[in-house]
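> Sequence:
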Amino acid sequence: MRAVEKGTNATVFTHWNEARNPLVDKIGWYCSYCEMSVRQLIAVEHIVPRDNGGAPLAWENFLLSCVYCNSQKSARNQSRTGYLWPDRDNTDFAFGYNKVDATIALPGPVTPEAEATIDLMGLNRMPGSAHAPTERDTRWIHRLDAWSQAEKCLSIWQNHPQPYTAELIAMVAAGMGFYSVWTTVFAAEPLALPIIKQAFVGTFAEQDANGLRVIRAGGVV
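Going letter by letter, the sequence shown gives residues 1 to 221 in the UniProt record's numbering.
Bear in mind the hints are in silico, worked out from the structure with no lab data behind them.
Wrong hints could be hidden among the right ones.
Computed beta-carbon distance windows for the label pairs [as the list claims (entries may be wrong)]:
1. Val-12 <-> Gly-219: 40 to 50 Å
2. Tyr-164 <-> Asn-17: 33 to 43 Å
3. Asn-159 <-> Pro-56: 49 to 59 Å
4. Ser-129 <-> Ala-187: 17 to 27 Å
Please read all numbers here as calculations on a predicted model, not as lab measurements.
By construction, the Cβ of each residue, glycine as well, lies at the ideal position given by its N, Cα and C atoms.
Produce the complete structure using the sequences and hints provided.
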């Protein structure tokens, strides 16, 4: 799950849908949870659900979501507590990705929050598993497609490791979404990986003086 930096916004919104375009400008046309590229019907998602007292018009309570993550999450969380959030936590450190699903990459104290987050959004849904998706939930299909395309692009890169090749691959990655799939597949390619990462607008990557990722206020990881 890509860690994002949406910044602040002083606009007084009269409806949460008015925040969609400003959010897209900050973090791109991607679901904040499953990372799928969503060019139509992307939703402004309330981190703390309105039904559970979440502020309906507060920028701090907004992320972007696909219809699947939005419906799966629904109003099941009472607050931010007990979960990892991409606008607060370094979620890219907490989760690992393979060709099948999302897994926990940081065993230890953060494990309960990571497990709860995967369950809240249904990020481990896959046919034939204990967490089978509904017929309408096609996130796994798009994730597998992104993985396949990333592997093909990796082969192209390894045969033609030139800057222009990396730029073209980054364009493909940004168009498809699934940031974590691409960064996982290209993890051993130090020349191409930064270019791919830079293609995704609004990725949080701030480091401290020691070169370590900054843990943001309220962040668990």
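> With reference to the structure, classify each hint as holding or not holding.
These are the hints, each one checked on the structure:
no., hint, verdict
1, Val-12 <-> Gly-219: 40 to 50 Å, "violated (27 Å)"
2, Tyr-164 <-> Asn-17: 33 to 43 Å, "holds (39 Å)"
3, Asn-159 <-> Pro-56: 49 to 59 Å, "holds (52 Å)"
4, Ser-129 <-> Ala-187: 17 to 27 Å, "holds (24 Å)"
In summary, the structure is inconsistent with hint 1 from the numbered list given earlier, while agreeing with all the others.
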